[in-house]
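Once you have looked at the hints, place chain B on chain D.
Protein chains: 2
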Amino acid sequence: MVEKILNFNDLTENLQQQGRRCSVAVVCATDAETQYAVLRAVREGFVTAIFVGGEQEVRQNPDFATVANEVRFVAINDAREAAEKAVALVRSGEAQVLMKGLLNTDVLLHAVLNKEHGILAKRRVLTHLACAQLDNYPRLLFFTDAAVIPYPTPEQRREQVRYAVRVCHAFGIDTPRVSLIHCSEQVNEKFFPFTVDYPQITAEAQAGAFGQCIVDGPLDVKTSCSLEALHHKGLQSPINGAADVLVFPDIEAGNTFYKAVTLFAHANMACMLQGSDAPVVLTSRGDSKESKYYSLALAVKSIHNDN
Amino acid sequence: MVEKILNFNDLTENLQQQGRRCSVAVVCATDAETQYAVLRAVREGFVTAIFVGGEQEVRQNPDFATVANEVRFVAINDAREAAEKAVALVRSGEAQVLMKGLLNTDVLLHAVLNKEHGILAKRRVLTHLACAQLDNYPRLLFFTDAAVIPYPTPEQRREQVRYAVRVCHAFGIDTPRVSLIHCSEQVNEKFFPFTVDYPQITAEAQAGAFGQCIVDGPLDVKTSCSLEALHHKGLQSPINGAADVLVFPDIEAGNTFYKAVTLFAHANMACMLQGSDAPVVLTSRGDSKESKYYSLALAVKSIHNDN
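Heads up: the protein sequence lines correspond to chains D and B, in order. When we follow the UniProt record's numbering, the leftmost residue of the first sequence carries the number 1, and every step to the right adds one. When we follow the UniProt record's numbering, the leftmost residue of the second sequence carries the number 1, and every step to the right adds one.
These are computed hints drawn from the structure, not numbers from a lab. What you were told as hints is all true, and nothing was included just to trick you.
Pulled from the structure, derived: some chain D residues nowhere near chain B, Cβ distances all over 10 Å:
{"hint": "1", "residue": "Leu103"}
{"hint": "2", "residue": "Val107"}
{"hint": "3", "residue": "His110"}
{"hint": "4", "residue": "Gln200"}
Going by beta-carbon spacing under 7 Å, a handful of chain B positions derived as facing chain D:
{"hint": "5", "residue": "Cys183"}
{"hint": "6", "residue": "Ala253"}
{"hint": "7", "residue": "Leu263"}
{"hint": "8", "residue": "Arg285"}
By construction, the Cβ of each residue, glycine as well, lies at the ideal position given by its N, Cα and C atoms.
This is chain D alone, in the form it adopts within the complex (with noise of 0.2 Å):
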């Protein structure tokens, strides 16, 4: 049995040694990489399937017939209307997961942020939760916020802080190291004022207010993700070089560490949102059915809190 999940492999190994299914709502699956990734999470037996529309796309798919006993149809084939289902079986508890299909992400976040039938709870703070295997790093490494929050307000890079550190935990990560990033290791008002507040969330950690784990900041990417480039610069941290988590200072920070460690370091990645009631698998047409995948599997993985 997988205890500590290092890498993407290790993931869906644990998830299939597991042997629990969850239910999975998906929106709009007519694409090939969102039929691929839901349909090999159920014959790998840690998902079933309610696909929201789609029906006549996943029927024919080669892969669908000897899984067909775990999946399940609604025939909608309005995309809204889809998405606004899809919401409506979380808040009825028959899904546990909800994922994007070949749909406008507007419509399926209108449909989760709705007030009155969506699914994120008055106060909860919506945040994007990415999880990056890199070939010459030792382990997974999460980092928040990529795609939805531009410049998170105290009371939302707490949020970050604690959805990630829960996501750790559900994958065996006793203590994770958090990174909260800057450009230099300076908290300096005037000059880097996201940084004023990372002494404190520093400290609230230590007291225990994310639950286990060792938060340090402000560091860099490099002096976060390896003890070398921290003893250069002649500096110590707890987090010792061996980040779990990077919690980047706002939105362009984070993209840009996104597509930089794609593109050019070939880093596969696992994404979702965080916050709503179940969480949401929202990749985007660029990414590969792998990262779909791995995707679901993070999102499943995320609300096992038994690990």
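Chain B only, in chain D's frame:
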């Protein structure tokens, strides 16, 4: 003769082929890495060196003897005085490039920025320009600003574009493609204030404000550097997935890119400060000796206007 410089090997070959030396003032070269960079550049025929401080250490370097004719010394051991003297050498025209050895960056910058004796003319903008050589990108990728200007003003942004285009021209890139980076392709005043200025800069570029170049944005890192990613998003851009320059919205994004590609994509990196009367090679302790050597080559090439 290398006409168009596509990688660091082209760069140093081009400099060797030109067979023209420029004079570099090196402050406190007491470390082996700075000595390596400078003495190699002297040996390869594209610089003469004035070491301000560090004479004893340089003379002990085994590589010194063969290039002694192209080296002179100024005997100063105090770092602050050495920085001031090197800056004075630039002011008097005896040096065309300034390079930092083993001293505190602030001390060197203090001398550079001194209102009376420094080398930053009034109203000139000092900014950081880096250049990455990446395994899977078929050209050098310049980017700005990873280290100096936190949140560029519209004037500073335009200078960043202007400087980068000028350096690309020196590298034989006739029509550099400059991408104004953000996390999405939307101009959004409320959420992404930096993007508001991008269409205006693009229009000014078309009108010739920055010399011959193509500017476009907002684009993200991936759509800037991958035609496939651009098309996946259903976008068109004259950058065409082949950016020569990435202009990052702010220092957090620029620094994240620098650290991410250095650490995870094994990028070779060169960088310098632009805007002062002479380019300043200001590598940091963690940089490799090769990185310092390429940075010096970059700075030397940047002042060749007659390529």
